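Protein chains in written order, with the numbering used here: chain A, 1 to 255; chain B, 1001 to 1658; chain C, 2001 to 2207.
Worth double-checking, as some hints may not be accurate.
Claimed, not checked - Incomplete in silico selection of chain A near chain C, CB under 10 Å:
id: 1; residue: Gly177
id: 2; residue: Asn221
id: 3; residue: Leu246
To be verified - According to the in silico footprint, chain C covers these stretches of chain A (three or more CB under 8 Å from chain C):
id: 4; region: 68 to 77
id: 5; region: 210 to 220
id: 6; region: 232 to 240
Source of the hints: derived by calculation from the structure; they are not laboratory data.
Just so we're clear, the structure is a prediction, and the values are computed from it rather than from any experiment.
From the three backbone atoms N, C-alpha and C, an ideal C-beta is built for every residue, glycine too.
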Amino acid sequence: MEHYHMNLTLKVWRQKNSKEQGKLETYQVKDISSEMSFLEMFDVLNEQLIVEGKEPIAFDHDCREGICGMCSMYINGQAHGPWQQNTTCQLHMRAFKDGDTITVEPWRSKAFPVLKDLVVNRSAFDRIIQAGGYISVNTGNAVDANAIPIDKKDADDAFMAAACIGCGACVATCKNGSAMLFVGAKVSQLALLPQGGPERESRVLNMVAQMDKEGFGNCTNTYACEAECPKGISVSNIARLNSEYLKAGLTTETK
Amino acid sequence: MALDAKIPHGEMDKKWTDYKGHVKLVNPANKRKLEVIVVGTGLAGASAAASLGELGYKVKAFCFQDSPRRAHSIAAQGGINAAKNYQNDGDSVFRLFYDTVKGGDYRAREANVHRLAEVSTAIIDQCVAQGVPFAREYGGLLSNRSFGGTQVQRTFYAAGQTGQQLLLGAYSALERQVALGNVKMYTRHEMLDVVKIDDKARGIIARDLVSGELESHFGHAVLLCSGGYGNVFYLSTNAMGSNVTAAWKAHKKGAFFGNPCFTQIHPTCIPVSGDHQSKLTLMSESLRNDGRIWVPLKKGDNRNPKDIPENERDYYLERRYPAFGNLVPRDVASRAAKERCDEGYGVGTTKMAVYLDYKDAIIRYGKIEAGKAGNDNISHEEIVALGKKVVEEKYGNLFEMYEKITGENPYETPMRIYPAVHYTMGGLWVDYELQTTVKGLYALGEANFSDHGANRLGASALMQGLADGYFVIPYTLGNYLADEIHTTSISTDHPAFAETKQAVTDRLNTLMNIKGTQTVESFHKRLGKIIWDKCGMARNEQGLKQAIEEVRALKKEFWSDVRIPGEVNAFNLELDKAGRVADLIELGELMCLDALNRNESCGGHFREESQTEDGEAKRDDENYAYVAAWENKGESSWELHKEALNFEIVKPTQRSYK
Amino acid sequence: MAFTGLFLILFLIVHASINACIFLNDGGQTFNEMAHFMSHNWIMRFLEIGLFAGLITHIIQGLMLWNQNKNARPVQYAYSQPNKNSKWYSRSMALLGTLLLLFLIMHLSHFYVGTKVALYAKGDAPHNLFEEMKEVFSINWIVALYVAGVIALFWHLYHGFQSAFQSLGINHKKYTPMLKTIGLGYAIIICLLFALMPISMFLGCIK
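Based on the provided sequences and hints, a complete structural model is requested.
Spelled out as structure tokens, the structure:
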């Protein structure tokens, strides 16, 4: 792999806190190695800003290996940047070339208010899970793990849905700011497993109700979420959510 | 103060049952009046908070991330051990117990490990009931794989994302309790001190990381589930936010720190590519099952690895350890790689890497595939193509990850790997009940020292975190709280809260007012380099003494020249980081002190003074069969307490992999 | 959206089939007979009410959806590249729908109003819809508007067809690709038929 260095112009969203207005600021970074990760490039910029006596750019990140779901940047018009099935932290600078201008913005959604610069509040996702994204089993209540065999295909599909890292790229990228892929993934995972059976109806109804309450938009099937999802969660999970929701809505006896 | 591990009497395999049978209970009406604080929401914290909430305690849980689902437990790849014996291959609670004590190089407490092995099976049941999608066989039953050189298949897994799935299971249980009102969750909050009243932990001071405000929280007991301190090395496989602060504040408030020098260096990580590097990425240990590790025979050989002929390659693990070859335990494999690189045989731009080569595996698998199809007369290229397919099926996601990070195709060019800090076996000293030396203050999961001795076996960290949270603390905490039912909630106006809060405020203001010239990050990098060079994979007296001096000097410089921009009462990531680095610096000194004290080699701790003639680790059971529990006595001052380790069942022997 | 959409999709099949009778080139005889049946049979007239109810519901739902979705992102991105992850027409259903509504107003005023006036205001006076068509489609700019309307319809249907099934919870590894192909075929056939009507009349192919 050929390594190279580059100078870049960055346009980054700066916003002091959730109350104040923000704007895009322009920065120059020099001598960035193609081997760096995108966030390491931000580290370099931040070190530079601190030395210059300015405030560094706040951004969310933690594991830096693409699994915790904390990093969340809208890079050059795409959630998590130009690479497919990739998180911001795994994006590397060889995706760019010398002289490029890169625009970086926070996730934009009514349900994800900006806290500072590129950091948004995604607690809406936690509240959706609280509404029913679990199986009600107290510790100690479980039967033997092999007591209920599960069709391998269902188990595999449940796993594929459960691979969601809750980063919110689906919401960020959807033109409607819809959270259907996130909710669909969790509803699917639990609907595919026999353990999720008893709460199936109430789960989907309550989670969807909470999703709407949080102010997420609706799905119009553009499938942008699937294309940008770092874990490749399929929109078939949204279809499953729709079908679960319709069935539950028709059969439920509670108002 | 004499250390009492409170190990129950009786036969090893009866201790836990017996303990549970006699432990004090709290009746449901009283549970409602008792408040418990849980710091950290990884596997240990989330499972503990959920389980205690289910029991009826009033729980407050804290995490510094924006959601409990992001704790670093999520990054564990391989799997979780459990003595289910579903494979009918002779596994049992005893064998898991035995393997863990032996794997820990005889520096773990037997009773704790036995309990861990006992509850391991219930963990799997619980997780499956929560909807954790473990890998399954076509018959619909759970699949297992072997891991970390054990002789049985006892590892349950969910592709390469076991930690994620287990954490999301515990997270969902936690969120359910939040919805039910039993747990109150505080995200983007960081614990900055423990509040003690009458020598008992009674609460914490936490900082709201968004507003910057300090908050006081009362609890009848405080549980620290805040993970390990691998970030003392700056570069590690830990998350960027992983830190020692909660444990360190507890340590300064009287909790002893156990075996701080026991850190695990994982042999297969993607090597450092330059000074900009912010963290390291692990490649699952399973890669060593098929890959061959080598360096060029000639020093400073800069040829493309594909151009280096077989007879000019040194498969050093196979050469040194013919019996185990590339499958020697983590500590051994790591040291061997370091030895080759230190001698000047390293590869890549930094020369701090060795090759992990799949060429032979690809050909071997290709030939098998051709044989299966009854097709023996095919070309080399066709064999390679068939072999690549098999390798892709087995390790595709790992190869993809490697390519994403390095931009190199591992099917064509051997991967470059180097050891990296991965886990810390040391942590807060706890007794059998997971209680630290401060009453009412508990430590769970990686934050405590208890179960892995000097070296942790693969797929055991997840097991321990969940065991502590789901199945140990719900019993042992009750034993303490049963005597606390008469303690009514203490107002946070109590002078002890006010004093502690003031001390935290002062420290934050001091940090902000230094207004120096160097960034927090630059100090962290320098700390990491000192610890890695002198208290890393190999340690010696001279180096450690030097490191202690250097860390002390660094600490002084930090407190006089660090620059933290922004405001104290606002969202300020640099301030958050500064507090953590300040604590890591202090811990770094203690690590070196502990490593200096332990003049033996065991597990991940290799003292160059204590090795066999052919360079292998030499344990000294006569003098060091103890847990080193350090008591803080003020600035750069510690007193060593020893908890003698008595091995009733697993008799220590020297490990050999020749 | 999905239910009413599928209902309207079914209606278009009927609409296109009846109108296709003009291609029999019998001077509009069959076509006028069918049109007479459609406007006089009581079942058809009952269904007509359903059709309008479906159409209006579809429009109202669409407007509500548009409004909710607009509110879900109060601050827009300064720079966005939606083409990297989705098709323009899937993102433009509201716009296409609005164009179709405008087209529909014109279309109804051309043909529907006249039929109804003849039926109710003039006491079921004879009304030659075929001749009316010929008259309208002799004007070049109207023909151009009709073709444009049909193009909008094509993209609306192309996305809408498969989208409706997804919204109803039908997504199957085997059948969804088939449904997508059927949807494409449907959109092509319907729109081709509709586009050919004004064009062929304008060119005088149908007498």
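Q | Hints violated by the structure (listed by number, smallest first) | A | Hint check: nothing fails, all pass.
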